[in-house]
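Protein chains in written order, with our numbering: chain R, 326 to 652; chain E, 326 to 652.
Careful: at least some of the hints might be erroneous.
SDA-like cross-link-like pairs, simulated, lysine to any residue; straight-line CA separation at most 20 Å [said to hold, decoys possible]: (1) K537(R) x K586(E); (2) K577(R) x V592(E); (3) K511(R) x G432(E); (4) K586(R) x D571(E); (5) K586(E) x N581(R); (6) K402(E) x H386(E); (7) K517(E) x A515(R); (8) K604(R) x D337(R); (9) K511(E) x K586(R); (10) K598(R) x D571(E); (11) K537(R) x K517(E); (12) K460(R) x M575(E); (13) K574(E) x N594(E); (14) K648(R) x K459(R); (15) K459(R) x K510(E); (16) K460(E) x V445(R); (17) K338(E) x S380(E); (18) K537(E) x F569(R).
Quick caveat, the hints were computed from the structure, so don't treat them as lab data.
Number of protein chains: 2
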Amino acid sequence: MIKIVCDLMGADKNAKELVSGPIKALNEVDDLEIVICCNELDIKDTLATLDYDKSRVTIIHCTEEANNNDIPTKIIKQKPNSSLVKALTLCKEDDDCKAYVSCGATGVVLAASIFILGRVAQIRPALACVLMGKKGKVCICDCGANVDSSPENIVNFAKMGVSYMKALGIDNPRVRLLSNGAEEKKGPEAIKLAHQLLKDTNLNFLGNVEGKDALDGTCDVVCADGFSGNVLIKTIEGTAKTLFYDMLKMAKETNNEQEAKVLQKTVYNLLDKYDYNTKGGAILLGVNKIVLKGHGAGEAETFYNMILDAYKLAKEDMITDLKNRIQ
Amino acid sequence: MIKIVCDLMGADKNAKELVSGPIKALNEVDDLEIVICCNELDIKDTLATLDYDKSRVTIIHCTEEANNNDIPTKIIKQKPNSSLVKALTLCKEDDDCKAYVSCGATGVVLAASIFILGRVAQIRPALACVLMGKKGKVCICDCGANVDSSPENIVNFAKMGVSYMKALGIDNPRVRLLSNGAEEKKGPEAIKLAHQLLKDTNLNFLGNVEGKDALDGTCDVVCADGFSGNVLIKTIEGTAKTLFYDMLKMAKETNNEQEAKVLQKTVYNLLDKYDYNTKGGAILLGVNKIVLKGHGAGEAETFYNMILDAYKLAKEDMITDLKNRIQ
Chain R
326 MIKIVCDLMG ADKNAKELVS GPIKALNEVD DLEIVICCNE LDIKDTLATL
376 DYDKSRVTII HCTEEANNND IPTKIIKQKP NSSLVKALTL CKEDDDCKAY
426 VSCGATGVVL AASIFILGRV AQIRPALACV LMGKKGKVCI CDCGANVDSS
476 PENIVNFAKM GVSYMKALGI DNPRVRLLSN GAEEKKGPEA IKLAHQLLKD
526 TNLNFLGNVE GKDALDGTCD VVCADGFSGN VLIKTIEGTA KTLFYDMLKM
576 AKETNNEQEA KVLQKTVYNL LDKYDYNTKG GAILLGVNKI VLKGHGAGEA
626 ETFYNMILDA YKLAKEDMIT DLKNRIQ
Chain E
326 MIKIVCDLMG ADKNAKELVS GPIKALNEVD DLEIVICCNE LDIKDTLATL
376 DYDKSRVTII HCTEEANNND IPTKIIKQKP NSSLVKALTL CKEDDDCKAY
426 VSCGATGVVL AASIFILGRV AQIRPALACV LMGKKGKVCI CDCGANVDSS
476 PENIVNFAKM GVSYMKALGI DNPRVRLLSN GAEEKKGPEA IKLAHQLLKD
526 TNLNFLGNVE GKDALDGTCD VVCADGFSGN VLIKTIEGTA KTLFYDMLKM
576 AKETNNEQEA KVLQKTVYNL LDKYDYNTKG GAILLGVNKI VLKGHGAGEA
626 ETFYNMILDA YKLAKEDMIT DLKNRIQ
């Protein structure tokens with residue numbers, strides 16, 4: 326049985342609107358147990374309408390909500406009844422509990438996760454997200470947890486990204502390093518040094534990648550300092566949005582009704598692929614449990630996807646693989 | 326009369342295929358004089374077929390071609406007959422000569438430009454490019470000349486980007502700083518310090534911008550350290566290409582002929598907007614003359630566009646404005 330803690334507070338939507346996601350996941354997987362942390366009163370009515378195996382669901386009543394104004398190192402004392410603190414504490418103390426999923430405020434969720442769950446080998450944790458490239462999934466790690474990363478940090482980001490993609494089913498993931506040119510002498514000092522260190526690892530390292538080629542299918546993991554990795558993922562999102570805007574404008578301006586329909590349909594079909602916010606969550610790598618963090622605007626479906634992802638990662642024992650690579 | 330030096334060597338295409346570009350520009354502007362640097366024999370036949378005012382064209386015969394293996398500080402002695410050295414030397418020595426345009430190898434063109442033309446106030450030059458955003462042109466500066474930029478460098482990149490956009494007709498350009506969040510405390514140390522310095526300038530500085538919002542029409546100049554700026558522009562290019570690839574794949578797979586046609590037409594219409602390579606050139610800012618550098622795969626049309634841009638910038642006396650801002 327794999328136990329996953331689900332923090333339904335701190336998101337834009339109320340737990341009432343989110344709770345059907347975890348239940349849907351529960352109903353699809355037999356050996357899954359879910360702990361739901363939120364105000365019990367919020368979800369009572371919705372749960373009563375749903376059909377599920379109650380023996381595999383525990384509800385922990387929480388009366389406080391964490392937000393980005395909370396100080397992560399103090400939140401345990403200041404908001405002991407927040408879903409964030411209760412869920413992470415349970416996740417830390419219960420060996421059967423493999424993962425924590427949340428759509429709460431990014432800053433405090435990441436910091437509290439690191440603080441409460443503890444870091445693997447005292448390394449810097451990283452945030453990784455998976456985007457759809459031309460030929461499949463591409464993991465960007467670090468995509469935003471760090472700025473001013475050292476070459477050694479970046480090597481660890483690569484190793485953790487590899488553990489993650491391996492657990493997602495990619496055999497011997499191909500790694501590239503985000504830089505401003507393909508040649509190994511390209512980039513800031515930290516990137517050039519990281520390149521040399523990466524060559525000395527046993528990773529399947531294939532050299533640098535430029536922003537224009539990150540999604541082209543020649544790598545499974547793009548390792549990056551957290552700052553340029555963040556620019557990368559946000560620019561992908563922004564460019565897609567700008568292009569969709571252009572296409573919808575074309576649809577509006579054309580006199581050809583058929584053409585307008587094709588344009589609208591195309592945007593609708595592609596929208597999902599280039600939106601890394603709603604489908605699932607980013608993963609915090611380098612802490613002692615699986616932590617998935619969905620967008621604040623996440624929906625029930627986001628929790629459903631995150632729980633299935635977390636279940637898969639737990640089944641594959643990603644954390645043990647990651648620890649072995651780091652040590 | 327505005328004189329522009331046009332270096333037709335070092336590009337993928339031979340001067341023979343490129344020379345119609347400068348002549349087309351010449352025929353559109355009365356007070357323009359063009360100096361063409363290349364092997365005279367290559368363009369003789371093509372020029373004979375074109376109709377233009379010969380009194381406004383000078384051809385400087387060059388027998389050597391510069392490439393990225395040349396050492397910029399040594400190229401004056403090693404390849405004195407290269408179009409690069411001859412063109413830049415003329416540009417430096419002739420006060421009437423306002424601009425140099427080229428599609429040669431980036432590294433050596435930029436380095437030789439800095440070395441021969443000299444830097445403004447000994448600052449670090451930057452590369453700027455103009456992209457089409459949702460509501461008009463957006464300048465990204467620096468987009469690739471530097472890595473490891475200091476906060477002071479970044480402030481100068483902003484000032485130079487402003488001079489450039491002003492010369493292109495934007496009144497009081499709005500400046501934003503590329504970072505990983507909108508809040509001023511976001512980003513690596515250099516970016517956070519640059520943010521504080523920018524607030525103290527008389528620039529129309531509106532705070533940070535994330536990669537996802539760079540093209541959204543809320544700023545005219547995105548100033549960036551050259552590394553993340555490069556990730557930004559290349560990711561825009563790459564994302565657009567990946568989306569076009571998806572759309573053409575949809576066109577191929579659909580059984581609806583009308584739909585396939587609309588998709589193909591849409592890609593064709595948008596392609597141009599998201600290709601920062603072929604339309605014109607990036608500008609090297611911070612040297613004593615106007616330097617435009619087009620993509621190596623540039624065509625006659627690229628030279629045509631670069632010359633018209635350079636003419637406009639010279640007319641507006643961008644270099645004097647830039648010097649005033651920097652000093």
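Hint check:
A C-alpha spacing of about 27 Å is found between K537(R) and K586(E), which places the hinted pair above 20 Å, so the restraint is violated. Between K577(R) and V592(E), the direct Cα distance comes to roughly 17 Å. Compliance with the 20 Å bound is thereby established for this hinted pair. For the proposed pair K511(R) and G432(E), the alpha carbon gap of about 12 Å is at most 20 Å, so the pair holds. A distance of roughly 18 Å separates the Cα atoms of K586(R) and D571(E); the hinted pair therefore holds under the 20 Å criterion.
A distance of roughly 13 Å separates the Cα atoms of K586(E) and N581(R); the hinted pair therefore holds under the 20 Å criterion. Proposed proximity of K402(E) and H386(E) is supported: the alpha carbons are some 18 Å apart, at most 20 Å. Annotation: proposed proximity of K517(E) to A515(R) holds, straight-line Cα distance about 19 Å (limit 20 Å). A C-alpha spacing of about 16 Å is found between K604(R) and D337(R), which places the hinted pair at or below 20 Å, so the restraint holds.
In summary, the hint linking K511(E) to K586(R) is not supported, as the alpha carbons are separated by about 41 Å, beyond the 20 Å threshold. Proposed proximity of K598(R) and D571(E) is supported: the alpha carbons are some 10 Å apart, at most 20 Å. Proposed proximity of K537(R) and K517(E) is contradicted: the alpha carbons are some 27 Å apart, above 20 Å. Distance restraint check for K460(R) and M575(E): the Cα-Cα separation of roughly 14 Å lies within the 20 Å cut-off, and the hinted pair is therefore satisfied.
For the suggested pair K574(E) and N594(E), the alpha carbons sit about 17 Å apart, so the restraint of at most 20 Å is met. A C-alpha spacing of about 31 Å is found between K648(R) and K459(R), which places the hinted pair above 20 Å, so the restraint is violated. Taken as a hint, the K459(R) and K510(E) pair is broken in the structure, with Cα atoms around 35 Å apart against an allowance of 20 Å. For the hint pairing K460(E) with V445(R), the CA-to-CA distance comes to about 46 Å; that exceeds 20 Å, so the pair is violated.
For the proposed pair K338(E) and S380(E), the alpha carbon gap of about 26 Å is over 20 Å, so the pair is violated. For the hint pairing K537(E) with F569(R), the CA-to-CA distance comes to about 13 Å; that is within 20 Å, so the pair holds.
Comparing the model with each earlier hint shows violations of hints 1, 9, 11, 14, 15, 16, 17; every other hint is respected.
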